[in-house]
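Undergrad: Sequence:
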Amino acid sequence: MATIKDVAKLADVSVATVSRVINKSPKASEAAITAVTQAMQALGYRPNANARALVSQSTNTIGVLVGDVSDPFFGAMIKSIDNIARQHGKHLLIGNGYHNADSEREVIELLINNRCDTLIIHSKSLSNAELIAFAKEVPGMVLINRFIAEIADRCIALDNHRGSYLATELLIKNGHQHIGYICSNHDIEDTAQRKQGYLDALHAHNLTAPQSYIEYGSPDEDGGELAMTNLLAKAIPVTAIAAYNDYMAAGCLSVLEGNGLTVPNQMSLIGFDDGLIAKYLHPKLTTVRYPIQIMAEQATQLAFQLATAAKQPTPVEALDSTITHTFVPTLVKRLSVTELH
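Sequential numbering from 1 applies to the sequence shown in UniProt numbering.
FYI, nobody ran anything at the bench for these hints, they're computed from the structure. One should not assume that every hint holds.
To be verified - Per label pair, the in silico range of CB-to-CB distance: (1) D187 - P47: 37 to 47 Å; (2) A2 - T324: 42 to 52 Å; (3) Q312 - N230: 50 to 60 Å.
To be verified - The calculated lysine to aspartate or glutamate pairs, modelled on EDC-like cross-linking and capped at a C-alpha distance of 20 Å, are: (4) K79 - D68; (5) K136 - E150; (6) K124 - E150; (7) K90 - E257; (8) K124 - D102.
Glycine residues also receive a C-beta, built at the ideal position from the N, C-alpha and C atoms.
With the sequences and hints as input, model every part of the structure.
TA: Have a look at this one:
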């Protein structure tokens, strides 16, 4: 295997010159760049990425922490991050946290140890204090779908409470007063915020929901099926269901159809996220749009700006003021909600 010394000998330059060419130093002449590049190609030499990182204190890699890469929600998020990363000549290093504090911590430390100076972090289990500490260590770290007041300028978040409030209010405006809620059993802030949005919308319209109107399950189709089955078993007079997300709503729909209840004629149903599945259910699912693509793009742009600013020897201009830090969800009306007669 060829070494940097072999490249220097073939190109008839010093090892230091080869190093300057590899690290894109402005001190490298055009002649040196041409000679070294040709020598590297002739020898099949590939620069050691770790060695280059030691010199530059960074890599061409942007680190990303997600909950579970197999979840389509995170797939959409990663694709948007990758689109921006490629514009900056970067590639992604991705780790799964599975909404577990130990796993999230291990991934972040791995990304930092791999000299990723730009990080997009979707963490739901680590404490605010620990994330603040990581943010101090990595100036180019941005949180997505998480808001921490102390580092608010490094957070891109969604108003989950508002989204759930809108979903429940839509059902109320269609005449429904007995509204069930299918809730995630994950102990994360999204769960609490969306459940509270449902309760607050009911309260604002002088309605109440007994605890028996709320059922829990894993935030996927199976969890939705289990929660809906348990809700039906109680024989309570609900005429509409608000679900934590579209996948739980899909599970609800399956159980309702299996029990001879048609949506929306006998039961209105609304989801959350506006994932790809929402458009292909039957009936098409009314839901709340979670603009994860644009949020991920802005998080990546912000992370690059922060990382660049940290490297400047002199003060830089203010960060892009067009970046939105808190997004507001919107209703997507389709065919699974109807007026109660």
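Undergrad: Taking the beta carbons of Q312 and N230, is their distance inside 50 to 60 Å?
TA: 57 Å, holds
Undergrad: Quick one: are D187 and P47 within 37 to 47 Å, going by C-beta?
TA: 45 Å, holds
Undergrad: Are the Cα atoms of K124 and E150 separated by 20 Å or less?
TA: Given pair K124, E150 holds - Cα atoms ~17 Å apart, limit 20 Å.
Undergrad: Does the alpha-carbon distance linking K136 and E150 stay inside the 20 Å limit?
TA: OK: K136 and E150 at ~11 Å, within 20 Å.
Undergrad: Would the hint linking K90 and E257 be met if the CA-CA limit is 20 Å?
TA: Cα-Cα ~47 Å, so violated.
Undergrad: Starting from the range 42 to 52 Å, see whether the pair A2 and T324 falls in it by beta-carbon distance.
TA: With a Cβ separation near 49 Å, A2 and T324 satisfy 42 to 52 Å, so the hint holds.
Undergrad: Need the status of pair K124, D102: alpha-carbon distance at most 20 Å?
TA: Holds, because 11 Å separates the two Cα atoms, which is no more than 20 Å.
Undergrad: Do the alpha carbons of K79 and D68 lie within 20 Å of each other, as the hint requires?
TA: Holds, at about 14 Å.
Hint compliance for this structure: hint 7 is the single one not met.
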